[in-house]
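Q: All chains should be modelled from the sequences, with the hints used to inform the complete structure.
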Amino acid sequence: MGKTTIPEAEFTYPGSTGCPGCGANLVMRYLLKGLGERTIVSIPACCWAVMPGYWPSNCLKIPLLYTAFEATGAAISGLRAALDVKGVNDVTVVGFAGDGGTVDIGLQALSGAAERRTDAIYVMYDNEAYMNTGIQRSGSTPWGAWTTTTPVGGSSHGFKHETKKDIMAIMQAHRIPYAATVSPAFPEDFIKKVEKAKSIKGFRFIHALSPCPPGWRTNPSLSVEIARLAVDTRVFPLYEIEDGKVRITRKAKGLPLVEYLKVQGRFQHLTEPEISEMQKGVDDSWIMLLLKESSGT
Amino acid sequence: MTKSYEEIPLTPVSDTPSTVNITGLWRVMKPVVDKEKCKKCTICWKFCPDVAIKLVEGVPEIDYQYCKGCGICAVECPSKCIVMVKEDEQ
Amino acid sequence: MRMVMTGNYASAYGAKLARAEVIAAYPITPQTSIVEKLAEFVATGELKAKFVPVESEHSAMAACIAAQTAGARTYTATSSHGLTLMHEVLMWASGARLPIVMTNVSRAMAPPWSVWVDHMDSIAQRDTGWLQFFCQSNQEVLDTTIMAYKVCESAGVMLPAMIIEDAFILSHTSEPVDVPEQQLVDSFLPAYSPDLKIEVGKARGFGSLVKPDQYMEFRYKAMLAMKEAHDRILRVEQEFKHVFGREHGGLLERYRCEDAETVLVTAGSVAATAKDVVDALRANGQRVGLARIRAFRPFPHDEIRSLASKLEGIAVLDRSYTFGAAGAMFTEVKASAYSCQRRPVMKNYIAGLGGRDITPKILERIFEDIQVIAKRGAEDEVEWVDVVGLPRRWH
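Each protein sequence line maps, in turn, to chains A, B and C.
Numbering follows our numbering, with no gaps: position 69 of the first sequence is 69.
Numbering follows our numbering, with no gaps: position 67 of the second sequence is 67.
Numbering follows our numbering, with no gaps: position 341 of the third sequence is 341.
Derived by calculation from the structure, the hints in this document are not laboratory data.
Computed from a prediction, not measured in an experiment: that's the story for all the values here.
Do not take every clue at face value.
[As the list claims (entries may be wrong)] With a cut-off of at most 30 Å between alpha-carbon atoms, the simulated DSSO-like pairs for lysine-lysine come out as follows: (1) K251/A <-> K86/B; (2) K3/B <-> K3/A; (3) K3/A <-> K86/A; (4) K86/B <-> K37/B; (5) K3/A <-> K160/A; (6) K3/B <-> K33/A.
[As the list claims (entries may be wrong)] Facing chain B, from chain C, some residues (calculated, C-beta under 7 Å): (7) M158; (8) V210; (9) D213.
Even glycine gets a Cβ: it sits at the ideal position worked out from N, Cα and C.
A: Right, dumping it as structure tokens:
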């Protein structure tokens with residue numbers, strides 16, 4: 001009793017200006033608990049560029065480089081090159097970017113950094129839209145979601161009709177040594193994966209689900225529960241890809257998708273046939289993942 | 001408080017902890033812990049996005065200066081010993 | 001050591017002698033041989049640096065910014081569309097007060113596609129807060145690269161600089177170049193050692209969000225730094241002359257302007273041609289001179305003003321154009337001369353775009369023209385030179 005299940009040391013201060021119930025706050029908190037003090041983080045334009053507060057406020061206990069939106073992959077390459085040439089060892093270089101800054105505008109630089117086998121960890125905190133600019137759709141917004149640029153209503157019955165980009169598959173195609181999905185509802189799994197990533201050299205990628213109350217139209221108190229439902233409904237499975245091999249790290253129960261959808265305002269407009277279609281999509285993806293795991297690819 | 005151009009660095013370098021932002025002022029609801037019922041599972045501390053919960057011998061102490069009142073601790077507490085009350089209430 | 005080399009190799013040798021530590025670059029014609037040569041230097045160990053083969057010019061500059069913030073001396077090179085692709089992060093580099101040095105092989109913008117010399121790409125960056133040096137020879141390219149690091153890394157400056165060499169005319173043409181010994185360069189240029197940098201264990205954020213009530217003060221400081229750069233350029237060049245025995249004319253190189261009545265103001269390799277034309281016209285008794293804009297940023301306002309106050313006429317040859325206005329160099333020369341008690345007649349000649357050759361004959365005609373209108377006044381302030389279809393003959 002009274003013993004914590006995750007490391008106690010904190011690397012973030014209170015006073016971050018993230019929304020109440022912000023998933024991204026948890027993502028950063030767990031990430032840094034896993035990485036420790038000898039870490040440098042590069043953050044592009046995104047919610048996290050604003051959350052440390054106005055100058056001179058900084059909610060991180062480690063050095064932070066703010067960069068232009070699309071530049072994270074390039075910035076971590078530059079950071080690592082400078083550290084190498086100066087002979088500074090035993091430092092983890094981290095790129096910490098949102099989904100838009102990773103799968104859309106940041107994809108080129110991400111791909112370049114991965115192809116160059118930059119020795120760094122790239123963390124994409126995925127709140128599934130351009131949240132910092134007011135909830136516009138990104139390539140990572142799931143099929144069916146309301147956003148301000150995929151509005152619902154009118155004769156066209158809006159919402160996003162394109163499926164979510166599979167960034168883990170993109171990273172797998174770059175043949176990087178380690179990639180993993182994490183959810184803030186499972187901090188022990190999260191931190192274990194971060195520690196494993198830290199111990200591997202080369203380009204590592206972490207895809208973190210980041211529930212967003214204003215963007216997902218959810219009650220702030222449910223952010224962790226939603227991050228849990230995402231995993232247990234298999235919408236966001238927890239798995240690793242190590243040296244090209246898929247390993248599922250939590251055999252999700254497979255709760256009905258509707259449990260996940262019904263607590264989020266951004267999915268309220270979906271009809272039963274649409275939900276069924278979505279459920280089928282989730283089931284198919286899960287089967288594909290199981291196949292990948294069993295076939296050793 | 002604004003600084004003269006002579007007092008600022010070349011480029012904005014942030015080196016002041018964010019504890020200057022009293023985010024507790026944002027609250028509408030606030031968590032209240034029943035310390036008798038608390039089983040010291042530490043789950044509330046684990047899930048606080050704002051590092052606004054300190055553990056004192058395993059029992060949570062809410063830092064009301066920073067707690068935004070999101071309510072995650074109340075929802076996640078397995079013993080249901082955290083209750084959200086209106087800010088002005090006790 | 002005396003060698004024969006292209007402007008691109010001169011750039012590469014300049015970066016090598018300056019001991020650049022991180023080089024992040026992307027290939028584009030006609031810059032490619034710069035990065036190829038540097039990759040060779042790094043691969044053989046002649047240059048102890050990290051070479052980052054980035055996947056775009058925007059990433060090249062972003063990587064340099066990150067590396068420089070972490071305390072490494074960086075270098076990159078580009079041209080034309082690569083430079084304009086970098087525009088967003090050029091602004092970042094100067095706002096972040098990072099003394100990055102970059103070579104721009106000045107080349108025309110598309111469409112139409114062109115790989116040849118033109119200054120529009122460079123001129124379009126005049127608002128970015130970068131120092132800009134236009135070179136007229138390969139020697140100057142090498143020397144200015146080394147000097148730029150010293151100017152930019154001074155505490156009162158801390159701004160980035162671009163060294164501009166004309167596409168193909170300098171980049172791919174070989175000239176004799178004196179390559180100084182590494183030891184001598186080391187005695188001139190110390191290691192890069194900034195006060196503020198990213199350091200493990202020091203919780204600092206670089207580049208945060210600033211409210212309207214504090215933003216202007218940062219820009220004001222950058223303005224003061226660019227002003228300081230003017231004097232610093234002159235001082236560093238005097239130091240360079242003392243160590244290496246050479247100089248290149250400060251911010252505004254004046255050739256036979258002392259008793260001139262009309263002067264041609266221009267930048268880049270065409271200035272070298274113009275000097276020969278000045279000599280030929282002088283031999284014929286014409287009192288003409290050439291003023292070469294070597295540093296376009298910071299702009300040599302004082303030098304232009306003091307020159308203009310003694311002249312009858314100034315011809316400004318721009319190898320670029322600002323649509324809807326006039327050539328950028330003309331506009332700034334005119335602005336500098338505005339406060340003169342007695343203002344010369346001034347005219348803008350737009351020439352040499354997309355690699356169109358600016359021959360000695362064309363320059364002669366420009367001198368003829370400016371001398372005529374200096375007496376009678378200009379009808380047309382801006383004239384495009386050697387455009388097929390226009391009535392005026394330039395050959």
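Q: Check the hint pairing K3/A with K86/A against an upper bound of 30 Å on the C-alpha distance.
A: violated (41 Å)
Q: Do the alpha carbons of K3/B and K3/A lie within 30 Å of each other, as the hint requires?
A: Since the Cα atoms of K3/B and K3/A sit roughly 46 Å apart, the hinted pair is violated (cutoff 30 Å).
Q: Given a cut of 7 Å on the nearest C-beta pair, is the interface hint for V210/C held or broken against chain B?
A: holds (5 Å)
Q: Next pair to validate is K3/A with K160/A; report whether the Cα-Cα distance is within 30 Å.
A: Distance ~44 Å between K3/A and K160/A Cα, so the pair is violated.
Q: Taking the least C-beta to C-beta distance, is M158/C closer than 7 Å to chain B?
A: With a closest approach of 6 Å, the M158/C hint holds.
Q: Is the interface hint satisfied for D213/C? The criterion is a beta-carbon contact with chain B at less than 7 Å.
A: holds (5 Å)
Q: Can the restraint linking K3/B and K33/A be considered satisfied, given a maximum Cα separation of 30 Å?
A: Judged against 30 Å, a Cα distance of about 35 Å means the pair is violated.
Q: Sort out whether K37/B lies within 30 Å of K86/B, counting only the CA atoms.
A: holds (21 Å)
Q: Is the straight-line distance between the alpha-carbon of K251/A and that of K86/B 30 Å or less?
A: Violated, at about 40 Å.
The earlier numbered hints that this structure contradicts are 1, 2, 3, 5, 6.
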